[in-house]
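So the chains spell out like this:
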Amino acid sequence: MSALLQAKDLQFGYAVGMPFSQAFDFALESGEVVALMGENGCGKSTLLKTFAGMLRPIAGSVAIEGRDVHDRDLGYTMQELSKKVALMRMNMVPPDRMTVREFVSLGRTPYAGIFDGRSAEDEKAIDASMNLLDVQGYAARPVSELSDGERTRVYLAEAIAQSVDVLLLDEPNAFLDIPRSHALFRTLRALAAQRGMGIMVSTHSVEYALKYADRIMVINGGVVKVAAASNAEAEGILDWARAD
Amino acid sequence: MRRTLICFGALFAGVLVLFVWTLVSGPVEVSLRDIAVAVFNPSSAEPFHAKILWELRFPRAVAAVLAGASLSVSGLCLQTVFRNPLCGPYVLGISSGASLGVALALLAGFGFGAVGVLGAAALGAVFVTQVVLVLASRFKNASVLLVAGLLVGYFVNALVNVLVAGANAESLQAYVSWGFGGFTRLTFGAIPGFLLACAFGFALVLVSMRYLNVVRMSDDFARGLGIAVRRSRVLVLLGSSILAGATTAYCGPVAFIGIAVPHLAYMLFKTTNHRILLPGVSLCGAFLALLAGLFPVSIPLNAVLSIVGVPVILYVLVRGSRQGGAL
Chain A
9 MSALLQAKDL
19 QFGYAVGMPF
29 SQAFDFALES
39 GEVVALMGEN
49 GCGKSTLLKT
59 FAGMLRPIAG
69 SVAIEGRDVH
79 DRDLGYTMQE
89 LSKKVALMRM
99 NMVPPDRMTV
109 REFVSLGRTP
119 YAGIFDGRSA
129 EDEKAIDASM
139 NLLDVQGYAA
149 RPVSELSDGE
159 RTRVYLAEAI
169 AQSVDVLLLD
179 EPNAFLDIPR
189 SHALFRTLRA
199 LAAQRGMGIM
209 VSTHSVEYAL
219 KYADRIMVIN
229 GGVVKVAAAS
239 NAEAEGILDW
249 ARAD
Chain B
575 MRRTLICFGA
585 LFAGVLVLFV
595 WTLVSGPVEV
605 SLRDIAVAVF
615 NPSSAEPFHA
625 KILWELRFPR
635 AVAAVLAGAS
645 LSVSGLCLQT
655 VFRNPLCGPY
665 VLGISSGASL
675 GVALALLAGF
685 GFGAVGVLGA
695 AALGAVFVTQ
705 VVLVLASRFK
715 NASVLLVAGL
725 LVGYFVNALV
735 NVLVAGANAE
745 SLQAYVSWGF
755 GGFTRLTFGA
765 IPGFLLACAF
775 GFALVLVSMR
785 YLNVVRMSDD
795 FARGLGIAVR
805 RSRVLVLLGS
815 SILAGATTAY
825 CGPVAFIGIA
835 VPHLAYMLFK
845 TTNHRILLPG
855 VSLCGAFLAL
865 LAGLFPVSIP
875 LNAVLSIVGV
885 PVILYVLVRG
895 SRQGGAL
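Those sequence lines, one after another, are chains A and B. Heads up: the first sequence begins at 9 in this note's numbering, then just goes up one per residue. Heads up: the second sequence begins at 575 in this note's numbering, then just goes up one per residue.
Do not take every clue at face value.
Stated by the list, open to error - Distance windows between CB atoms, simulated:
(1) B:L725 <-> A:W248: 42 to 50 Å
(2) B:Y889 <-> A:G125: 29 to 37 Å
(3) A:Y22 <-> B:N735: 42 to 50 Å
(4) B:V738 <-> A:A182: 53 to 61 Å
(5) B:Y728 <-> A:E37: 52 to 60 Å
(6) A:M100 <-> B:R607: 56 to 64 Å
(7) A:G121 <-> B:I580: 23 to 31 Å
(8) B:I765 <-> A:G74: 53 to 61 Å
(9) B:A748 <-> A:N99: 50 to 58 Å
(10) B:F713 <-> A:D185: 35 to 43 Å
(11) B:R805 <-> A:Q202: 36 to 44 Å
(12) A:G125 <-> B:E603: 44 to 52 Å
No lab work stands behind these hints, which were simulated from the structure alone. Keep in mind that this is a model prediction, so the values were computed, not measured. Note that CB positions come from ideal geometry on N, CA and C, so glycine has one too.
Only chain B is shown next, with the shape it has when bound in the complex (with noise of 0.2 Å):
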C-alpha cells in the first residue's frame, strides 16, 4: 500500500515536472516567467511567447501526455486480454489500418477531403479494427483472435507495399516522415478532438475493471465469477482500439510505448490488479513520452524512445527478475 502511494507520488510529480520543462524548452528562449505570465496575466504577456506557448509547447505537452497515456492503457489491456506479454496496440491491426489510411491520402493521391492526413490515418484505423472486431465476436478462444488480428495486419501492410512501389518520391517523403512519429503534428483547435477520443477510450476500459482483473486466469474462470466474457471482450478492444487509434491518428505510429510500458508498471507497482495499473501505466507512459518529446525534433521520436528506452526498460525487467518478480 505504502509503495503504491510513493509510486503515484514520484510519477505524479514526475510528470508535472516534464510537462512544465517540456513549455520552457526549444529553439527560442521562453523562460518560466514568460511562460507564467502568458497563463495567467494573457493581457500584459509578449504576444510571441503566448504565440509559442499555445500553438507550439502547449500542444505538444499535451499530445505527450494523452499519446502516453493511451497506448500505454491500450497495451496493459490487449497484454490482458490475450495473456500475451508480447502484445501491444499493433496486434489488432490499428497502426497498420491508420498507415493505409495516409498510404491512400499520401501516396495514392485520394483527397479525404476536409478530413485531411489526419482523418485518413483515423478512418483507417477505425475501418481496420472493425474488421478486426467483427472477427473477434465470432471466436469464442481469444488467441485465435491474435492471429487473425496479426493476419489482418500483414494483408493491410501488403496493400500499403503496394502503394509504396508505386509512389513518386515526393508523396513518399510526406509518408516516411509521417510513419516517424511525433508530437508536434497536434494544433491547439485539435486538442479537444484527442482528449474526447481519449475519454471514451479510458471509459470504455474502466467500466470493464471486472473483466480485467479476471481474465488473466481464463475465460472460463471469468465466467464463473459472473462476467460476460464476450461483451466486456468487445467493449475492453473497442476502447483499446480507440485509444491506439486516436494517438497513431493525431500523433503517427508511436512504437514501444505500448508493449514496454505494462511491464514498467508491473515492476514498479508489484501487482496485477487493474485498480492500481491502469492509472499506473497512464502516468508511466506520459512520463515516458514527455521525456521523449524533449529531444530535438531532428531525432525521429520513435528512434529516441527505442534507444533511450529500451535499455531502460531491459534494466529494470533484469534488476525485476533478480528480485523474485515473476515474468
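Same shape as in the complex, but just chain A (with noise of 0.2 Å):
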C-alpha cells in the first residue's frame, strides 16, 4: 500500500478564525476504505470538499500523488484534478429532463475535447459503471423520477465513470435500506481491492463503519483521531456515538 492522499498539519473550515479542527496529519492509502464519523456540523462534509480541492485549507495543505490539490499553478489545474478525485454529494438537485445514462456520462466530462464528445473508450467505462451499479435497468429514465436509493446508485455511478483515484462519498447511505446499504459497502470494498482506490465515505452508521471500513476518522469536539476499525472500540474513538 502506498499514500494517495496526504494531509499535513491540515486546518479546514470556512472562517480562519473558525477552523473546524486542530491541525493534524493524515495519509489515505491505496486499497483502503476509511470511514469518516462525527455528529452533525462537525464538518465531515467540509473534510471532503477540502480533500476533493474545491475549498482551501485555512493552514497546512492536502496532496495527491505527492501534487497539491488547492494550488492551481504548482499542482494540478482543475482538469487533472478531476481525473483524481471525485466528490459524491446527495444533496444535488436532479437536473429535469437528463437520464440516467446522460448523467453518468457527465463523469467523463474530463476525459472529454472541447466540444465534450464521447470516444469508444468513454463509452465503456460508462457501461461498465452502470453494470456495477446495477442501474443499466433504467437507463433512459429521467433521473428526477428515480426513488432516493435508486438515484444515489446512479450519483454513485457518475462519479465511478469519471475513473479517479480517490474517491470520497458525503453520507451515501442516507437514503438507502438496509440491504442496500449492505450492498454499497460491498461495491466500495471491491472498488479498494479491485482498482487500488483510495475511499473515504462519511457515515452515521457505527455497525457499517465497523464491518466495512480499514480504519476509521472521527472528528470530535475539534480534534480528529484514526484507528483501524478492529481496534477504533478499544481505543475509545467511538465513546461519543454511545446512546448512554
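Reconstruct the complex from the two isolated chains, following the hints.
Structure, rendered in C-alpha cells:
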C-alpha cells in the first residue's frame, strides 16, 4: 500500500478564525476504505470538500500522489484534478429531463475534448460503471423521477465513471435501505480492492463503519482521531456515539 | 440516435424549403424560375427581379435565419446557466439596453452620427450587457446575477419611459415601429456584419460546451468535473449577449423565440446534451422565424410569433408532458 492522499498540518473550515479542527496529519492509502464519522455540524462535509480541492484549507496542505490539490500553479489544474479525485454528494438537485445514461456520461467530462464528445473508451467506462451499480435497467429514465435509493446508485455510477484514484463520498447511505446499504459498502470494498482506489466515506452508521471500513476517522470536539476499525472501540474513539 | 437524425433531417429540409419560399413570396410576383436565373445566370436576368431578390427578399430570409438561430441559442444558454426554464435573452438587460440606445437616438435626438439607429441599438445592448457582466464576475451564485440582470433591466426601462414621456408624436411613432421588430430592416450590405457578430457569439458558446453540459447540476458539480466555472460562465454570457444584442440591433426586439424554442428542442430531441441541442435549437429557431416572416409585413412580427407560436408550443409541451417527458 502507498499513500494516495496526504494531508499535512491540516486545519480546515470556512473562516480563518474558526477552524473545525486542530491541525492534523493524515494519509489515505491505495486500496483502503476509511469511514469518516462525527456529529452533525462537526465538519465532515467540509473536510471532504477540502480533500477534493474545492475548498482551500485554513492552514496546512492536501496533496494527491505528491501534488497539491489547491495550488493551481504548482499543483493540479482543475481538469487534471478531476481525473484524480471525485466527491459524491447526495444534496444535488436532480436535473430536469436528464436521463440516467446522460447523467452517468457526465463523469467522462474530464476526459472529453473541447466539444465534449465521447470516445469508444468513454462509452465502455460508462457501461461498466452502470453495470457495477446495477442501474442499466433504467438507463433511459429521467434522473428526477427515480427514488432516492436509485438516485444514490446513479450518482455513484457517475463518480465511478470518472475513473479517479481517490473517491470521497458524503453520506451515501443516507437514503438507502439496509440491504442496499450493505450492497453499497460491499461495492466500495470491491472498488478499493480491484482498482486500488483510496475511498473515504462519511456515515452516521457505526455498524457499517466497523464492518466495512479498514480505518475510522472521527472528528469530535475539534480533534481528529484515526484508528483501525478492528481497534476503534478499544481505543475509545467511538465513545461519543454511545447512547448512554 | 435515429430520432436525432430524423429530427435534424426534417428540420434542415424545413428550413431550406421556407428559405426558398421566402425568396418567392411577396407582393410582387417573382417565380422560382426567375429567382434561379437571377442567382445562377445574372447576366440574362431581369434587373428588376435581381433587385427584388438581392435587396429585399434575400436579406429578409437571411435575417430570419440568423435571428431565429441566434435568439434560440442565446435562450438555451441562459436557461442552462441560470437553471431556469423562464430565462430568455431579456434577462441580461440586452433588449432594454438596445431599447435605450434607440430611444436616445429617436426620442432624445442624439445623432449617433454614422452609426445610426442600428448602431445605437447595438451600443445600448453592449453597454448594458457589460454592466451586467461586470456584476456577473462578482457573484459566485448564478441566481443572484439573475436578480441583478432583472433590476438593471427595470432601471434602463425606467430611463426609456422618461424619454418616451417627453417625446413628440413623430419620433414616438418611429420608436414604436422599431419596437415591433421585423426582418425587413436588414440590407444586403449589412449581412456580413450581422453574420460576423453571430459567428463570434456562436464560437464563444461552442468552446464552453463542457460547461454547458454539466452546469445544470450545480456550479460545484461542474468544478468537480474540472470546469473553470467562472470563466466559462463569462464566456457563455458574453456569447449569448452578442447573439441577442446583434439580433436586436438588426431586427428590433424579437420576443418569444429565445424563451420558447429551447423547450421545443428538448421535446423534439429528448436530450439535454448541448452537442445536439445547440444545432437543434438553431434549426428550430431559424424554422420558426422564417415561418413568421412569411406573414404580410402589415402584421407586426412579434404579434405573428406570439399568436401563431404560443398555441403550437403549448401543444407540444402538453403532449410531451403527457408522454412522461419531465418539465
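Evaluated hints:
1. B:L725 <-> A:W248: 42 to 50 Å: holds (48 Å)
2. B:Y889 <-> A:G125: 29 to 37 Å: holds (34 Å)
3. A:Y22 <-> B:N735: 42 to 50 Å: The hint (42 to 50 Å, Cβ to Cβ) holds, given that Y22 of chain A and N735 of chain B are roughly 44 Å apart.
4. B:V738 <-> A:A182: 53 to 61 Å: holds (56 Å)
5. B:Y728 <-> A:E37: 52 to 60 Å: For E37 of chain A against Y728 of chain B, whose Cβ atoms are near 57 Å apart, the range 52 to 60 Å holds.
6. A:M100 <-> B:R607: 56 to 64 Å: Because 59 Å falls inside the window, the suggested range holds.
7. A:G121 <-> B:I580: 23 to 31 Å: With Cβ atoms ~27 Å apart, the hint holds.
8. B:I765 <-> A:G74: 53 to 61 Å: Given range 53 to 61 Å: holds, Cβ gap about 57 Å.
9. B:A748 <-> A:N99: 50 to 58 Å: holds (54 Å)
10. B:F713 <-> A:D185: 35 to 43 Å: holds (40 Å)
11. B:R805 <-> A:Q202: 36 to 44 Å: For R805 of chain B and Q202 of chain A the Cβ distance comes to about 37 Å; the hint holds.
12. A:G125 <-> B:E603: 44 to 52 Å: holds (48 Å)
The structure meets every hint from the earlier list without exception.
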